[in-house]
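Protein chains in written order, with the numbering used here: chain A, 326 to 843; chain B, 326 to 843.
No wet-lab data here; the hints were simulated from the structure.
Keep in mind that this is a model prediction, so the values were computed, not measured.
Hints are supplied without guarantee of correctness; some may be wrong.
Identical copies go unnamed one by one, so any copy, or any two together, can satisfy a pair.
Think about it this way: if two alpha-carbon atoms lie no more than 27 Å apart in a straight line, the pair counts; the simulated BS3-like pairs of lysine-lysine are [said to hold, decoys possible]: (1) K791 with K389; (2) K497 with K445; (3) K521 with K500; (4) K791 with K362; (5) K791 with K834; (6) K389 with K497; (7) K734 with K834; (8) K581 with K609; (9) K362 with K645; (10) K645 with K553; (11) K825 with K445.
2 protein chains.
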Amino acid sequence: MNGADRLCDTLLVNDVDVCFANPGTSEMHFVAALDRKPQMRCVLGLFEGVVTGAADGYARMADKPAATLLHCGPGMANALANMHNARRAWTPMINVVGDHATYHLQHDAPLTSDIESLAKPMSHFVRRIASAEDVGPAIEEAYVASLTLPGVTTVILPADCAWNGVEPAELKPVKLPALKSVDATTIRDIAAGLRKHGTRAAIMLTGLALREAPMEMAARACAATGAKIFSQMSNGRVQRGAGRVAMPKIHYPVDKALDQLKDIDYLVLVGAQIPVGFFAYPGKPGRLVHEGCEIVTLARPGDDLPGTVAALTDELGATKTAPAFIAPPRREQPALPTGTLDADKVCSIVSTLLPENCIVCDESVSSGRMFYFDCYSAPQHDYIQLTGGAIGEGIPLAVGAAVACPDRKVIGMQADGSGMYTVQGLWTQARENLDVVTVIFANRTYAILHGEMRAVGVNDFGRNAKLMLNLDEPALDWVSMARGLGVEAARATTAEEFTKLFKGALGRKGPFLIEAVI
Amino acid sequence: MNGADRLCDTLLVNDVDVCFANPGTSEMHFVAALDRKPQMRCVLGLFEGVVTGAADGYARMADKPAATLLHCGPGMANALANMHNARRAWTPMINVVGDHATYHLQHDAPLTSDIESLAKPMSHFVRRIASAEDVGPAIEEAYVASLTLPGVTTVILPADCAWNGVEPAELKPVKLPALKSVDATTIRDIAAGLRKHGTRAAIMLTGLALREAPMEMAARACAATGAKIFSQMSNGRVQRGAGRVAMPKIHYPVDKALDQLKDIDYLVLVGAQIPVGFFAYPGKPGRLVHEGCEIVTLARPGDDLPGTVAALTDELGATKTAPAFIAPPRREQPALPTGTLDADKVCSIVSTLLPENCIVCDESVSSGRMFYFDCYSAPQHDYIQLTGGAIGEGIPLAVGAAVACPDRKVIGMQADGSGMYTVQGLWTQARENLDVVTVIFANRTYAILHGEMRAVGVNDFGRNAKLMLNLDEPALDWVSMARGLGVEAARATTAEEFTKLFKGALGRKGPFLIEAVI
Chain A
326 MNGADRLCDT LLVNDVDVCF ANPGTSEMHF VAALDRKPQM RCVLGLFEGV
376 VTGAADGYAR MADKPAATLL HCGPGMANAL ANMHNARRAW TPMINVVGDH
426 ATYHLQHDAP LTSDIESLAK PMSHFVRRIA SAEDVGPAIE EAYVASLTLP
476 GVTTVILPAD CAWNGVEPAE LKPVKLPALK SVDATTIRDI AAGLRKHGTR
526 AAIMLTGLAL REAPMEMAAR ACAATGAKIF SQMSNGRVQR GAGRVAMPKI
576 HYPVDKALDQ LKDIDYLVLV GAQIPVGFFA YPGKPGRLVH EGCEIVTLAR
626 PGDDLPGTVA ALTDELGATK TAPAFIAPPR REQPALPTGT LDADKVCSIV
676 STLLPENCIV CDESVSSGRM FYFDCYSAPQ HDYIQLTGGA IGEGIPLAVG
726 AAVACPDRKV IGMQADGSGM YTVQGLWTQA RENLDVVTVI FANRTYAILH
776 GEMRAVGVND FGRNAKLMLN LDEPALDWVS MARGLGVEAA RATTAEEFTK
826 LFKGALGRKG PFLIEAVI
Chain B
326 MNGADRLCDT LLVNDVDVCF ANPGTSEMHF VAALDRKPQM RCVLGLFEGV
376 VTGAADGYAR MADKPAATLL HCGPGMANAL ANMHNARRAW TPMINVVGDH
426 ATYHLQHDAP LTSDIESLAK PMSHFVRRIA SAEDVGPAIE EAYVASLTLP
476 GVTTVILPAD CAWNGVEPAE LKPVKLPALK SVDATTIRDI AAGLRKHGTR
526 AAIMLTGLAL REAPMEMAAR ACAATGAKIF SQMSNGRVQR GAGRVAMPKI
576 HYPVDKALDQ LKDIDYLVLV GAQIPVGFFA YPGKPGRLVH EGCEIVTLAR
626 PGDDLPGTVA ALTDELGATK TAPAFIAPPR REQPALPTGT LDADKVCSIV
676 STLLPENCIV CDESVSSGRM FYFDCYSAPQ HDYIQLTGGA IGEGIPLAVG
726 AAVACPDRKV IGMQADGSGM YTVQGLWTQA RENLDVVTVI FANRTYAILH
776 GEMRAVGVND FGRNAKLMLN LDEPALDWVS MARGLGVEAA RATTAEEFTK
826 LFKGALGRKG PFLIEAVI
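Throw the hints in and build the complete structure from the sequences for me.
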């Protein structure tokens, strides 16, 4: 057996059994080894952004990392944008990047590049494998790091470390260290702070704290103290719907976010970052809380977030208190909109028809900005979204979620400009026959940038601005593109057409795309 | 006026008047400034790999850099693979990467990343702008660096450096330093070496040495001494066709390359790298020349390559010698193949019908490997190709070449697997109505990897290998994809069909795609 076999075996013994891949020549021994392991599910992406975006979606839903197979520095470069999103979502991921044989690097062959320099900004952990015998330890380290940071890990596999022989060995699963818990003093101090600040306090959560049980626990603390609750602006995964906490997230527009947080004097962070503007704007503040707001960190990413929330609520004596903010079920089904389609009508129809237990992948950007706030009372579902602002995450995220949860409907809310970045992911949906409905918000512009241009005082666009912000000449024909990639598709220009198509897509299995012209 | 205006003015005064762009919020002031400069041609790419690939193709043909506009670290990450190819082609390029305002970086907002770490592996020059007044000097430095290294430069533009005011100033073009010339001793020594080794010597060229005049000059030196001539395996641009030097390039398969160079004892590098295997293979050498071969460097990239070749030939007293290796015109038009289509037939038809003065963009990978060797006697044309092995360069390269040379037909020889990486570039061809015929070699596999798998001893593929190396389930429908992106397209399954479609495409203006099913 060789290093590549050891790599596969080490992944498999640790229950990492999905590999999203886009291989090249330097990974041929790795491919050959994967071919000897039918228990590993290999999923091809026709572009590396699909590979890491899918690995991100997979891990968010499976709560364990997938492996990826990437080809040299340029192949990883293509994967970086969605590694960035995964990093911002604290998603466990094990990227395996093939490189030249150790002794070939000196020749500076055409594909040679500084992989470490490329990997570090988008990885929490980077490790170059030194030999075939080093493969096992490197993968074990990456596996542990991916789940305990938690986050994106990158392991560089020189070709000769894959093809050189290793001694057979009996592999055992790695023992994961316990998640860090938070000290009692911090919990006591923060409980006192919440009591003191009452309704002018807020708890802000992200990561594993946004699952049903810890959200409910946090909402008990809120009920006991009067504190508000928020999630970050963007989060890896939120469990939503009637009967769960109606978790508000921080708004993207700076003025709206400032308004949301203007009365908060005491902000408790649970794995979350201090809320800041997505971008800076002349004359507007960077931080979204007021100057006098005290910010305290209850737990950091990598800490036991659910356990810490429970400990805080216990300290407040509120573990039996009825939780605040629980979303009621809809009293009646809202009427479906009719007439010419627009973004809000699409959101409304999707929200109204949302099936129980589905997974929503949201990269609707400006078009779907109210969707999240609209569907807190919908049937229970998981909501996963673009986290790092690196557009081109939506279609791959849906791929990964569908691979992780083959029995659940996946609904992709996809802006058209963003969707173009990783449109290749539709082909993977077709090849794997994934149960994904993709809704394209076809506004044929970078709509968000129209708003941002107005924000910088440009209301009358000239030729160059139009050339850079509009996607209308020629209009993208998503139905043809989807069919070209093997996915059935149709176009809707009225609300009635959209409703019919969306109902039809929910009633069948397999990938389907709806171009909603808005 | 603000820093963004200064940026545009500094580019324009230095005759940089094309900007390939994919903007985001942090570049809105840059977009607004470009909107005030109608003399700047702004070309939108729907993915950043299109942007830098197009800038690469543009500069290879225009012999001056284009600017690019990229959005933050993740936007640049998407651009890196084609920056890598440009770096390997020594292409001048000025990337402008928007970043957060200087004072916003401390907040680690979602899109924040270490842009320098990402940029350095794929840039010869990286510079972060410090203030609005620093914009002009930074762009001037990048411009000079792009043309004197020559190569890829990256300038990081924080949003506040774009929006803050600058004093109006009268801008002048930068004076470019003279290219370095090579000392007389080196030239004399190498002339003596060529004389001594006779037919066991070779001159290997790349970069600007592969234009008609310096190639012919080098071929005079060869005629005088008996030396062979080669280009690198991959080159930014080669001027080809009847009446020019029939420049052979080093073969990709290691055994063929070793055979090509086995009799060479003395190798003279003109801007070229020592020839090495594209990849390492167990038991095969990395260097493609034999152990005893003496390798001497006549000139490095950034030296005056044409001038140095002329000086060498002069030293040999051969400036009037009839050049060796001049390609004769075809005696008669070869017969066009018929019957079921295959890759060789496609190459043969394209080569036979190649129009005078066209530009061939070659990313045909394994399918078109013989094309280059087949068409040395075709009508004169420019040949530009994938240089760094980062696939996904072909479609954007054709975009850039067509923008640079609007009166010349551009023919894209495009492998299907590679084409998928930056398929979005077809839309830019449609929007700009670029005169590009794209020929897709639709073999529906990563054919090169089939060969590489056999090379590592795997002849019988299992399920996982097939899943990772084949693109056939479902088959990519390039005609639908192209139409979805606004490009007219048709499919050929026989040689006759292909000939008819290719002739038709040559006879009209504007983008057209032929899916050649092979």
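How the hints compare with the structure:
no.: 1; hint: K791 with K389; verdict: between (44 Å within a copy, 26 Å between copies)
no.: 2; hint: K497 with K445; verdict: neither (29 Å within a copy, 40 Å between copies)
no.: 3; hint: K521 with K500; verdict: neither (42 Å within a copy, 67 Å between copies)
no.: 4; hint: K791 with K362; verdict: between (52 Å within a copy, 13 Å between copies)
no.: 5; hint: K791 with K834; verdict: between (40 Å within a copy, 25 Å between copies)
no.: 6; hint: K389 with K497; verdict: within (17 Å within a copy, 58 Å between copies)
no.: 7; hint: K734 with K834; verdict: within (8 Å within a copy, 46 Å between copies)
no.: 8; hint: K581 with K609; verdict: within (12 Å within a copy, 63 Å between copies)
no.: 9; hint: K362 with K645; verdict: neither (49 Å within a copy, 65 Å between copies)
no.: 10; hint: K645 with K553; verdict: within (18 Å within a copy, 87 Å between copies)
no.: 11; hint: K825 with K445; verdict: neither (47 Å within a copy, 51 Å between copies)
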